Structure formats: structure tokens, C-alpha cells
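Asks: These protein sequence lines are chains A and B, in that order. The first sequence: position 26 = 26 (the numbering used here), numbered continuously. The second sequence: position 172 = 172 (the numbering used here), numbered continuously.
Simulated from the structure, these hints should not be mistaken for lab results. Incorrect hints may have been included.
Stated by the list, open to error - Heads up, simulated DSS-like pairs for lysine-lysine below, C-alpha to C-alpha not over 30 Å straight-line: (1) B:K23 / B:K44; (2) B:K303 / B:K69; (3) A:K249 / B:K135; (4) B:K197 / A:K113; (5) A:K135 / B:K249; (6) A:K266 / B:K259; (7) B:K23 / B:K50; (8) A:K259 / B:K69; (9) A:K303 / B:K23.
What the hints assert, rightly or not - Output of the computed footprint for chain A on chain B, the stretches with three or more beta carbons under 8 Å from beta carbons of chain A: (10) 100 to 108; (11) 144 to 158.
All values reported here derive from a predicted model rather than from experimental measurement. We put the beta carbon where it would ideally sit given N, CA and C, even for glycine.
Residues per chain are reported as follows:
There are 2 protein chains.
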Amino acid sequence: MKAIALDVMGGDFAPCEVLKGAKEVISSTDIKLLLVGQERLIKKTLEKIKFGNYSNLEIVNAPEFVTMKDSLVNYLRGKPNSSIRIALNLVKDGLAQGMFSAGNTGAVMVNAKFILEPLKGIKRPALAVVFPTQKGETIVLDVGANADCRPEHLYQFAVMGSVFFKEIIGGDNPKIALMSIGEESSKGNRLTKETFKILSQTDLNFIGNVEGHTLHKGVADIVVTDGFTGNVALKVAEGMAENLYSHFKNDFTKNILHKIGLLLLKSGFKRLKKKLDYSEYGGAILLGVRGIVVIGHGRSKTKAIKNGLLTTKRMIESKIPEKIENRIAEVMNA
Amino acid sequence: MKAIALDVMGGDFAPCEVLKGAKEVISSTDIKLLLVGQERLIKKTLEKIKFGNYSNLEIVNAPEFVTMKDSLVNYLRGKPNSSIRIALNLVKDGLAQGMFSAGNTGAVMVNAKFILEPLKGIKRPALAVVFPTQKGETIVLDVGANADCRPEHLYQFAVMGSVFFKEIIGGDNPKIALMSIGEESSKGNRLTKETFKILSQTDLNFIGNVEGHTLHKGVADIVVTDGFTGNVALKVAEGMAENLYSHFKNDFTKNILHKIGLLLLKSGFKRLKKKLDYSEYGGAILLGVRGIVVIGHGRSKTKAIKNGLLTTKRMIESKIPEKIENRIAEVMNA
């Protein structure tokens, strides 16, 4: 039986919401869940939320855990027995095929690259998110694993994104675009201009540059960018959406007509929020390491944890790492 | 009398909306407007919109104009008599102190740098926007003038931004932040890590890194970034806002309750839109060249043109270029 190592200690609402998410998944799945964290706390919480007994459940004790405030040095050198490290080691040792954590993204990424190591031929693992657009979904990568990139890295991101798109979103020959600041090949920075040339010469379905404001239109299936730009773009989009929601909440409750209006729109808002919800896939996916690593948002609650676990499961079943390794070997030898 | 050279041919709704914007400003101002564009077309449009006669108005014929589709080569080498170039030459020759265009941003920037030249001591002019936040306004620069930057450029952006903030937004010792992908000084790319060190050693009020999702919270008065990242961030924010508005429009008109709800919320939406409206300042400001250059959004209508002209006027009155030159001399000799 395949297994997922779940970091029970990661996230703003850990361990309670994490275990509630696990509860949603465990009964209807043929996958084993390894709950990694402080054993006593896990047992107490399982009881509290009336988890029930399942044969496909196991607790793996991890005495330490990484917080959101821990610095790079802390989570690299310190805390060798953190739930993140122990979960990753379970994947490395073949006791689990994937891990999910809603904990410190930096800590998961850095430790995953170190413990699981890049796949053969992969120069830089990259963090991918599934971005909701007007037409459907666009995969954006890298959104934070590599702050400084070279053109050949972005080329590999395009290849990894294509494999992920084909297996998880579905669809052959996905359209690949490069994030830039103008549509012409001459627009952009040194990195994008050079990458544009490389992507144009491959047999990938490269459709050219996209700009920040066209990202939401869904013109491309995959958008590649360096991890610095991708991270800023993703966070600006998140911040903008939150900003608007908080304006609605604060501005529209002072006036009785607005209050009624909001009430009437409630179902619409709910659907809209779902449409634009980044938690549909439960997190970001670290592509290019030996094993499946899915990183949930720190604010993940039950539903996001559940979706993250389901994404991890689908990725395990689709054998994403093997397929990326094969595809990279093909294109690098072409 | 001070004068603004107005590019009548620039923008998606030129010349009609541009001249309507001019009409809103002309009667109540002590500034001269030089209408730059195809003379016959301008005269015909003035008549059509019943502009009236004003002594502080003059038409300057420009036979050519740059379109949004023109490429870099086109607007650099071709079209020497474009309205953009002629408007900039009026500033260079001292016949106007500032220019406003809602035309091709790239064409205005490139030609402005070439015709007006950078101020003494300025290594790279930068494009700034006033970003509406939950607390007020944050100036973000560079949003597109320099795709590749060095740390000393970002330092100068901070200095230019401070002068602009003090004069136009108001307030001494503005808080300056660096756009990055983590709050720690160790987070970011090579450029931001190096810039962090430099900014920490100056007497600017440097408060550290901000991330994409905190931009809207208004924690800083000025956010500096390279022109590539800044452009992507700005456009993602614009795209996100448009995306939400278009969802409202499309999703909430199919159901009668939603329709009524929308109607009740109308005044609230209007106020919210105004709060988040990027057209309040009428455009982006090119800081660091010898003269005032304000670039409106291509989709500018009457109100945005009016606001752009008023921003141009305020910048002329505040003598921004002289003050930037003085401040740069001070900090470079410190």
C-alpha cells in the first residue's frame, strides 16, 4: 500500500485542522497515512476530534517541529528531528511515496532538496502552483524555490510543468508561456530574452510571453518564471484578492441596504470565492525531487488539508517523478 | 506661464477622451496646455466636443503618432515627428515644463530618456506609480523603465521616491521598503540581498523587506524594486482586480436576487472602486529625467486624463526634477 507522510505539526491551525483534514480522507482512500509529529499531542487530538480507528493509519513520533518564524539556519542545521525532516526521510527510505506539509514553505523546500535530492538531469527543483483563471487553470512555476535562475532552469521548469499538466490537469501538448513585461521577444530582462530564444527552439508548444495582467485570462496552460518573480506575482494576487474581500466585509456592513445586498449576493460570492480559490489543489507542488512533496498554505484548514492530501495521492498514483525524469532524459538527449 | 505638452494622439480613446480631459482642466487652471497632435483632427474634435476658446491653449502640429502596436525599433528610429517626440522636445526646449501622454508607455519612456536625458547624478530614470493601499498610498518604483537593475539603481529609486512622496503625497522621512520574497535580509535574490545591505547603511528610513501580499497593507510609503518585478507585480494586481470585477458583472446578473443585491451595493462598489482606483493620479511618473513626464494608462478616459494633467501640474509646481537633483547630489557626496 502506498503511503503519505503527513506533517501534523505544520500550519497555523496544526495539529487540529491538519488531523481533521486527514479524517476527511482516511475512510475513503486506499492509501496509508503516516501522521508525523509529537505522538502524545497527536493521540490527544485524534481523541478530541473523534477520529476513529483505521488500519491504514500510523503515528510516527517527531519530537521537534519547525515554526513559521524559524530562520533558514534554524531549519537547516537545527531541529534534526523536526516533523518535516522525519516526514521527508520516510519518503527517502521508501516508507512513504509522498509528503504533505502546511508548515514553513522554506523549511520544506530546503530540506526536501537536501534529503530527497533532485531527480536525475534536473538542475533545479521548482515550486509550482495551480492558478485559477477565467478559462480554467494555469500552472505557474517557479513560485519560490529559486530566487536566481538561468535560462536552462526555466526550460526545465517548462518540461516539468508539462508533465504535471498532462498527468494532473489533463491535456496533451499544453501551451507554455514565459512571464515577461511585454509580448515581443525583445521585451523583458536578460533572463527572459535568453529564455525566449531557447524555448522557441524546442518542440514544446511555446506561445511566447505573457504579462501580469493576462495571467488571469488563462491564455497559457503553463507559465514559467524565475522563483523571485513568481513568488511576488503569486503573493500580489493573493494580497489583492484578500484586500478586496476585506473591503467588502468592512465597507459593506455599515449601511443597511449594503447589508441586505451582501446577503442577497452570498451564494454568488461563495461560488466566486470557490472559483478563485487557491486551496482547490491544497497547496504548491515541489517538482523535480525524488518523491512527491506538496506544501499547503500556512492558513490551511480542513478542506485545504484534504485537497492537499488528495493532490499528493494523485501525484503518487501518476508517478510524476519517474515521468519527469524520463521526459528530461528525452529532451536533454534530443 | 508654465505649460504642459499634452499628447493628444496617445491612448485607446484618443483624441476625443484626451481633449475632454483637457477641457475639464483648462478653465480652472493657470497653466497653459499645448495640444500636440494632428492639427486638423484636433480642431475638428475640439469643435465636436464644444471645447470653447481659451487664451491658455495652443495647438502644436505633429503629423505622426505612435500606436500601441509599434515596436521598439519603430518608435526609436521611425516616426521622428510623432506627437510623443514633439511633446518631449517642447519640454527639452523649455516651451513646456512637463508632458502628459496616455500613449505607448515604452515609446514615451525610451524617447524621454533619450530626448530629456537623465538628471545629473541619476544613473537610471525609473517609472513610479502611486498604489492605493488599506492605509493610504504607497509609491512603487521601478514599474518598468529598467528590466535589469543593480543595487545602486534601487538605492537611487529610494531617494527619488522619497522626494516624490514628500512633495506630492506629503510627509517627511517616508518609510522605505524593498520588495522581496521573505522578510529576513537573507531572503530574496542576489539583487535584493545586496540592496538590503546598501539601504541599511544609508540614513533613509529603511524598514526592510515587504512581500507581495503585504504591499496592499500599506506598511511602507515607498517600495523599491527592479522594473521587471515591479511591472509584473503592478499588472498582476490590475489583472486580479479586473478579473474580480468581470466576475461580478458576469456571474451576478443571471439570478434576480443577485441582481437586486448588486443594485443595493452599487454606491458601495463605486466607493470601493474609487478607493482602489489606479487612475486617481492619472498615470505613472517617470522620475529622474530633466522635465516632468507623466504616462497615463492606455485606457484612460476623461477623468484619468484630467487627473494625469493635474498630477503633471503639481509636479511642475513642486519642481520635482530640481529637488531630485539636489537630493541625489547630497546623498552621493555624503
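Asks: Now tell me, hint by hint, if it's right for this structure.
Replies: Evaluation of the provided hints:
1. Distance check on the hinted pair: B:K23 and B:K44 sit about 15 Å apart at the alpha-carbon level, within 30 Å; holds.
2. For the given pair, B:K303 sits about 25 Å from B:K69 by alpha-carbon distance, which is consistent with the 30 Å threshold.
3. The straight-line distance between the Cα atoms of A:K249 and B:K135 is roughly 16 Å, inside the 30 Å bound, and the hint therefore holds.
4. Between B:K197 and A:K113, the direct Cα distance comes to roughly 28 Å. Compliance with the 30 Å bound is thereby established for this hinted pair.
5. The suggested pairing of A:K135 with B:K249 holds, with an alpha-carbon distance near 16 Å, which does not exceed 30 Å.
6. Between A:K266 and B:K259, the direct Cα distance comes to roughly 12 Å. Compliance with the 30 Å bound is thereby established for this hinted pair.
7. With a C-alpha separation of about 9 Å, the suggested pairing of B:K23 with B:K50 holds against the 30 Å cut-off.
8. Taken as a hint, the A:K259 and B:K69 pair is broken in the structure, with Cα atoms around 45 Å apart against an allowance of 30 Å.
9. In summary, the hint linking A:K303 to B:K23 is not supported, as the alpha carbons are separated by about 55 Å, beyond the 30 Å threshold.
10. Counting residues of the segment 100 to 108 of chain B whose beta carbon lies closer than 8 Å to any beta carbon of chain A gives 1, which falls short of the minimum of three for the stated coverage.
11. Using a Cβ-Cβ cut-off of 8 Å, 3 residues of the segment 144 to 158 of chain B lie near chain A, which meets the minimum of three, so the contact claim holds.
Comparing the model with each earlier hint shows violations of hints 8, 9, 10; every other hint is respected.
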